[in-house]
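Asker: Spelled out from the first residue to the last, the chains are:
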Amino acid sequence: GAGVSQSPRYKVAKRGQDVALRCDPISGHVSLFWYQQALGQGPEFLTYFQNEAQLDKSGLPSDRFFAERPEGSVSTLKIQRTQQEDSAVYLCASQGAANEKLFFGSGTQLSVL
Amino acid sequence: SQQGEEDPQALSIQEGENATMNCSYKTSINNLQWYRQNSGRGLVHLILIRSNEREKHSGRLRVTLDTSKKSSSLLITASRAADTASYFCATEGSGTYKYIFGTGTRLKVLA
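Sequences listed follow chains A and B, in order.
The numbering used here applies: residue 1 is where the first sequence begins, and numbers increase by one.
The numbering used here applies: residue 114 is where the second sequence begins, and numbers increase by one.
It is worth saying that the hints were derived from the structure and are not from the lab.
Every value quoted in this text rests on a predicted model; they were computed, and no experiment measured them.
Just so you know, even glycine gets a beta-carbon here, dropped at the ideal spot from N, CA and C.
You may find that some hints are simply not true.
Stated by the list, open to error - Partial list, computed: chain A residues near chain B (C-beta under 8 Å):
(1) Ser31
(2) Pro43
(3) Tyr48
(4) Phe65
(5) Leu91
(6) Leu102
(7) Phe104
Can you make the complete structure from the sequences, with help from the hints?
Answerer: Right under this line is the structure:
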């Protein structure tokens with residue numbers, strides 16, 4: 001595709017609801033990253049995939065957060081039983097080769113009420 | 114937690130002036146990248162500098178890297194109002210794949 005696509009662009013959830021955020025990386029990109037960005041802060045690493053393998057999930061804040069990339073392309077970040085502190089922008093990035101630049105999507109802004 | 118810290122946190126300059134932002138990090142790295150983020154949008158890659166490089170240029174951008182001090186600087190020359198954005202450094206730690214972002218510098222260029 002032309003770029004990294006994320007959906008939905010905005011998501012409002014009631015506390016306790018489950019949400020699923022989708023990322024379509026650039027076609028052929030092996031690496032995929034998820035980041036969480038709070039207002040006024042820098043992006044915080046959540047997890048990293050190389051093809052379908054989740055090689056690093058050290059940044060996931062709790063076991064309510066789960067990410068998958070079953071076929072090595074589209075990825076989904078799922079948050080169960082959302083809490084107010086989960087409100088943030090969730091950014092996805094893909095990378096064509098190691099040690100090269102990241103291409104970011106526009107993010108999903110999650111608001112938990 | 115974030116590895117990088119940027120300085121200053123906020124910077125306000127007049128159009129035509131130069132803007133300098135600094136980034137410090139904590140561990141050894143493979144490379145360091147600078148990104149720009151307009152309000153409410155995704156991050157856009159500006160420039161990548163590898164650990165064995167000391168300086169790189171791209172248009173009005175100049176980046177330096179000092180691995181002995183674990184620091185980098187981004188210079189934007191002849192700034193324009195359109196350069197108004199937040200700027201972040203991101204480091205790829207040696208032996209890791211993940212990129213750790215700094216806290217960002219919010220640049221405002223006044224016309």
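Asker: Please flag the earlier hints that this structure goes against, numbers listed from lowest up.
Answerer: Hint 4 contradicted; others consistent.
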